[in-house]
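Enquirer: Throw the hints in and build the complete structure from the sequences for me.
These protein sequence lines map, in sequence, to chains A and B. Position one of the first sequence corresponds to residue 2 (the working numbering), numbered consecutively onward. Position one of the second sequence corresponds to residue 464 (the working numbering), numbered consecutively onward.
Since the hints were derived computationally from the structure, they do not count as laboratory data. In this text the structure is predicted, and so the values were computed from the model without any measurement. We treat Cβ as the ideally placed atom computed from N, Cα and C, and that holds for glycine. A few of these clues could be false.
[To be verified] One-sided excerpt, in silico: chain A residues whose CB lies under 10 Å from chain B:
#	residue
1	L96
2	L117
3	F175
4	V177
5	F192
6	L356
7	L360
8	M441
[As the list claims (entries may be wrong)] Estimated spans, in silico, between C-beta atoms of each pair:
#	chain 1	residue 1	chain 2	residue 2	range
9	B	W783	A	G374	47 to 55 Å
10	B	L776	A	F33	51 to 59 Å
11	B	V710	A	G22	51 to 59 Å
12	B	L776	A	G374	36 to 44 Å
13	A	E300	B	W575	52 to 60 Å
[Unchecked claim] Derived coverage of chain B by chain A (criterion: at least 3 residues anywhere in the stretch with Cβ under 8 Å from a Cβ of chain A; other residues may be distant):
#	segment
14	481-495
15	607-619
16	636-647
17	726-740
18	763-777
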Amino acid sequence: MEPVTVLPRALTATAGGASPGDLDAARAQMGFSLAWHIVLACLGVGLPLLTLIMEWWGGHTQDPSCRLLARRWARAMGVLFAVGAVSGTILSFELGLLWPGLMGIYGQVIGLPFALEGIAFFIEAIFLGIYLYAWDRLPHRLHLLTGVPIVVAGVASAFFVVSANAWMNQPRGFTVRGGRVVHVDPWAAMFNPATPPQTTHMILAALMVACFLTCSVYAVALLRGRRDRYHRLGFTVPLALGAIVTPAQLVVGDWAARFVAHYQPVKLAAMEGVYRTGSHVPLTLGGIAGKNGLRYGLEIPNGLSLLVGFSPDTVIQGLERVPPGDRPPVTGVHLAFDLMVGCGMFLLTVGVWLLVLALRHRRRPGPWLEGTGRPLRVFLALGALTGPAAVVALECGWTVTEEGRQPWVVWGLLRVRDAVNVAPGLATGLWLVVAVYALMTVGTVYVLRRLTRDRPVPVAPQESDVEEYPVV
Amino acid sequence: MLADTTLAVMWIGVTCYALFGGADFGAGLWDLLAGGSERGRAPRRLIEHSIGPVWEANHVWLIFVVVLLWTGFSPVFAAVMSTLYIPLTLTALGIIARGAAFAFRKVSTEVWQQRLFGGCFALSSVVTPYFLGSVAGAVASGRVPPGLAKGNLITGWLNPTSALGGVLAVLTCAYLAAVYLSGDAARSGEAHLAAYFRHRALATGVVTGVVALAGIAILHADAPQLFHGLTHRALPVVLVSAVLGAVSLVLLLRAEMTFVRVTAAAAVAAILWSWGVAQYPAMLPPSVTIGASASEPSVLGTSLGVLAVGAVLLVPSLLWLYSLFQRRPAPEEDRRGS
Chain A
2 MEPVTVLPRA LTATAGGASP GDLDAARAQM GFSLAWHIVL ACLGVGLPLL
52 TLIMEWWGGH TQDPSCRLLA RRWARAMGVL FAVGAVSGTI LSFELGLLWP
102 GLMGIYGQVI GLPFALEGIA FFIEAIFLGI YLYAWDRLPH RLHLLTGVPI
152 VVAGVASAFF VVSANAWMNQ PRGFTVRGGR VVHVDPWAAM FNPATPPQTT
202 HMILAALMVA CFLTCSVYAV ALLRGRRDRY HRLGFTVPLA LGAIVTPAQL
252 VVGDWAARFV AHYQPVKLAA MEGVYRTGSH VPLTLGGIAG KNGLRYGLEI
302 PNGLSLLVGF SPDTVIQGLE RVPPGDRPPV TGVHLAFDLM VGCGMFLLTV
352 GVWLLVLALR HRRRPGPWLE GTGRPLRVFL ALGALTGPAA VVALECGWTV
402 TEEGRQPWVV WGLLRVRDAV NVAPGLATGL WLVVAVYALM TVGTVYVLRR
452 LTRDRPVPVA PQESDVEEYP VV
Chain B
464 MLADTTLAVM WIGVTCYALF GGADFGAGLW DLLAGGSERG RAPRRLIEHS
514 IGPVWEANHV WLIFVVVLLW TGFSPVFAAV MSTLYIPLTL TALGIIARGA
564 AFAFRKVSTE VWQQRLFGGC FALSSVVTPY FLGSVAGAVA SGRVPPGLAK
614 GNLITGWLNP TSALGGVLAV LTCAYLAAVY LSGDAARSGE AHLAAYFRHR
664 ALATGVVTGV VALAGIAILH ADAPQLFHGL THRALPVVLV SAVLGAVSLV
714 LLLRAEMTFV RVTAAAAVAA ILWSWGVAQY PAMLPPSVTI GASASEPSVL
764 GTSLGVLAVG AVLLVPSLLW LYSLFQRRPA PEEDRRGS
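Expert: This is the structure we're talking about:
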């Protein structure tokens, strides 16, 4: 397989004066704040959809449990959106504070998706304000409609931001001449080859994280014996939606991996621990990087060649194709990839189990999830684990994307060490940021837990009780 | 031409952020100064109601400005962010603390939580505009050279002009917030609250005017190029700002709360535009101009086109948001008042 693209020669170093400690601090700070924000971003995409479904269904059936759930989720959404909005703003600051060498040269190339994201985020913020605060001021149908732009803009935001990240993997839409960027085509940069697989993969991931995290909360309550309709609905509706998305994600994930094999073979080599180019490459599960290959892993003969090209004769490029200084770290990328796939398989299993339960339920009328049998408890316990598993898969996926691109910030063009801010003392900034985020984490978790206990759910919720529960 | 248009659109974003986002910060200052939990309950409730539905939308103007700066003038963005790394990191942390704490306080029910989150919200509402103002002072006084972190990392933002910028930012935020809040209280028929904020608007209005006058002397000594621009090319705008400021004070004295919103906002906007006019065409005075730092026409044209299309969606939505919450529920139907 030949490399598909011929990249222009690397730009000359623009900075390169930062100490190794400061470079590591900058990378740690960026990684940390991205890892934090991405969970909130996922909830920002998925939770409005869940809430809208619940509100619509509650209005349709006049089911008070649905309506109460919708209000509770809306309230959580308000808190999460605020925290997500500020942690997202910090990222746009950090792009300049930590990586001025990237932004000074390429800021104009990747500006377009961020401008579009700004518009989408603006729409999200405006309609979230209307949706949350005008719950009792607008008629039911109109109120539902004000939620639709939140969902659409949330998905659009995810698309735009991830397209900028895709550009870092497949830089397009400009020419480098004499160390300067010329002939910029912002649309070509935004719609680079990596955009379709990466954005689709991320949008589905966002839905999965939101669905599984929400269902986890109610799985715990169900395990503690609160089996009323309110908790059953809070568990099954998000889980069902997550279970629908998961198989689609499997297909898209396969597409994304195949894309990497063709367009960023070095990254695939790190993901799968392939050291030497060749055919009949096995698929290695687990294992850590040794001198000549992965050690302690479980090998499936011909597995990788079969997966990439459907034939054992498929040639897979190895790490030896690039100089040692241009190789991503193998152990971390490989294990993160395996862990992500493992979590995905786990989520698929829980989804299938739900399907089996649903089919059985059709033949045996009666309320869902009744009884105290061991299988049901195991199912609920696994359900409670789906949220953490989805988050682990999400973080691992981003680890693969970002670590797998190392040592480049713009693949093949600009190294991370040449993009970092040369101002001294970045390590101090890291500790400050970590401290503030730790406090914000404690605050968010505490407030969200308070929200669930805020008002005990009435045994037989009356309409008036539901209406009295304020959203904000 | 495209670069000038981009800069003008960005400056409109800066103005909107100052007028809307700034007032949200100012409300935080009044929250801080509202006194104990008993005495401060009424003003704090008004503040929460007034900024609750809109602060996130207002906050987006900052993101808008940041993105437009890096898209339209990438080297300027890199120079400002790298040299002013310290105040901008503190700004970022202030933004986090303000937004998160405000959201947390809104859903807290116990007094100690409301005090903790409220204190955090209020304190960061004062600190954040100060640092943003000091960044403006750093750029305006020519302390940010082109290149990565080429300026002085400490005196770049700890200097007379930055201090003036920071103090003016905090004062104008507080002034706008008091004017808006007084109007909000008057419209919902809470006369005592309206008077409470009207008195504060008057006081901060006078102080802001005095600081701005004293600032001229500071600029003369510390930022001669900016001083020259303000007293020559930008002089008409400066005078407009002074006149509008004086008119606003008269209107406040006569409790004309509807009209004073417009004049007070216009006076603050004129301060920003006088800076812009005085500095034009320099992006990073003294040497870096718009022409030298602007992105390619393809980038500027595309961004402007996208923003124009976006505005068609945004403007009606924003107007609907503001109009929906102009009339807040009277206190007796306010369920979370106590």
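Enquirer: Output the indices of the hints that this structure fails to meet, ascending.
Expert: 4, 5, 6, 7, 10, 12, 14, 16, 17
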